[in-house]
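Trainee: Going down the list, the sequences are from chains A and B. If you count the first sequence from 1, position 67 lands on 106 in the numbering used here, and the numbers rise without skipping. If you count the second sequence from 1, position 228 lands on 443 in the numbering used here, and the numbers rise without skipping.
Simulated from the structure, these hints should not be mistaken for laboratory data. There's no promise every hint is true.
Keeping only pairs whose Cα atoms sit at most 35 Å apart, straight-line, the calculated DSBU-like set for lysine-lysine is [unchecked claim]:
(1) B/LYS426 - B/LYS330
(2) B/LYS376 - B/LYS499
(3) B/LYS354 - B/LYS289
(4) B/LYS291 - B/LYS479
(5) A/LYS137 - B/LYS291
(6) B/LYS499 - A/LYS137
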Amino acid sequence: MRGSFRRILGAVALSLTLGLASAALPQEADGVEDQAAPAEQIVLGLSQAEVAITTNFNGSEILVYGAVKREQAIPEGPPLEVIITVAGPSRPVMVRRKERRFGIWVNTDAVEVDQAPSFYAVATSAPLNDILKRIEDLRYKISIPRAIRSVGAPMTISDSASFTDALIRIRSGSNLYQVVENGVVVDEQTLFRAAIRLPAALTEGDYVTRIFLTRGGEVVAQHSTSIDVRKVGLERWLFTLSRENALIYGLMSLAIAIAAGWGASAVFSLLRR
Amino acid sequence: MQIYLPIAEVSVNAFLLLGLGGMVGVLSGMFGVGGGFLMTPLLFFIGIPPAVAVATEANQIVASSFSGVLAHFKRKTVDLRMGTVLLIGGLIGAALGVAVFNYLKAQGQVDLLVKLSYVVFLGIIGALMFVESLNAIRKTRKGGRAGKRKKHNWIHGLPFKMRFRVSGLYISVIPPVLVGITVGILAAIMGVGGGFIMVPAMIYLLGMPTKVVVGTSLFQIIFVTAFTTMLHATTNYTVDIVLAVLLLVGGVIGAQIGTRIGVKMQAEQLRILLALLVLGVCGKLALDLLLQPAELYTLGTGGDH
């Protein structure tokens, strides 16, 4: 890990001098910055730009690394901090709460969260509250509660916040939501890297990866790219078949079931002879 | 060995699934129940999304029932005529059950209904069977014959009588059709084959001999669950074929072993074991409803209302 980072460090340093960042690192995402001529820009690399979900897929680790490109010397003042977020596709989620009615626990109140990412990881170079102002969090939607969009709870529910808290608690419990404070290593205010662990239970889609540079709690530069998470091979084929030719898929399932049932019966009657 | 399921979108241990399939398969072969009432809750427990668990379980039941019924065909313990009558009722019931299910889903209380139906039905059936089998065993021990079941009751006064030669019965078709419908409705709501309800109903309501009950019930279950599988595959896209294959490989082997164990055991012992099993599952589900859950909140898919 350390060794490979040294090599990356060397490659980044070399490419920065030559000004040929993308040629030196084939897997590197485009380092184009969307702000107008900022003092500091992000040059980013990913250990993999896509995650293939195969039959034996058991989670994956993505190494996000990069460098800060600047024309002038390192600015005075508060040090550079880095925040990296990875977000899976967002979907509405229904959160239900149980209450005791007539002696048994039943679902009573429910709140629909309009959009919640299926996966969300925040890695930072220092405790999040120290390096990001609240107003910046609101603007860029960085922390987990901000990444979830919840518009309105029904009038009958006064404590709608406890429903979003429950959503975060449940998803954090299965590692779908992660906060890794001090998970980003920053060297010389120039190079940074972080490893993001993707769990096995992944949903397909584009995983938006954002990198924010902050100084004194203000975002000074940001960059975003996406990681393509896709099922491949047999997984892809079965998934597509089940959606596009549901009838054939269903009949195939039944045929396999009947063949297996018949096969076992035949094998066992042979064994008994 | 971890394996990623394409439809369920979770990664699980393949050997765990094979083992679960095998265990439930043995019970299925012994008692002529599809095993869904055990397997479906077990699948929830290992983290398979409920919708996928219910739909895939239907497909797996087709396999284990088919394997089981072949063994019964060889021993000529399937009453095809009775099976067909039950099946007609079962298909009507399944269609009705899906309608009821969708209505309750819109009301947001489908989970509670499923659990309550499990507790109520498993409780009543388990208790009845347990008491009855105990009495029968006690009579046998005293040296007398096993109590002869009542041969004539109100069922024999109904019209549309039909002769069921294999079962040795001459009764009206109305009770079997009603049993079929009831089982079909429950099967669709609870996501199971319904054998655990049908087997006792056939013994106690229709008065069928225990030996033909199991094969006949398996015969009916194959068609009802095949119908349910197709409904789920074409409307909800929730049948996970990889999960089904793993479960049924264990399941069909288990069912073969179970059928052979079942032949060697006495009918009364078989019934008392099934009764205990049913009561056990019922007790577990009842506790879940009565005790305060560790997590009061649950997550579901939004945007579908």
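Trainee: Does each hint fit the structure? Answer for all of them.
Mentor: For each hint, the structure was consulted:
1. A C-alpha spacing of about 31 Å is found between B/LYS426 and B/LYS330, which places the hinted pair at or below 35 Å, so the restraint holds.
2. With a CA separation close to 41 Å, the supplied pair B/LYS376 and B/LYS499 exceeds the 35 Å bound.
3. For the hint linking B/LYS354 to B/LYS289, the alpha-carbon distance of about 32 Å falls within 35 Å, and the restraint holds.
4. In summary, the hint linking B/LYS291 to B/LYS479 is supported, as the alpha carbons are separated by about 16 Å, within the 35 Å threshold.
5. Among the hinted pairs, A/LYS137 with B/LYS291 is inconsistent with the structure: their alpha-carbon atoms are about 50 Å apart, more than 35 Å.
6. Between B/LYS499 and A/LYS137 the CA atoms are separated by roughly 18 Å; this keeps the pair inside 35 Å, and the hint holds.
In summary, the numbered hints that this structure violates are 2 and 5.
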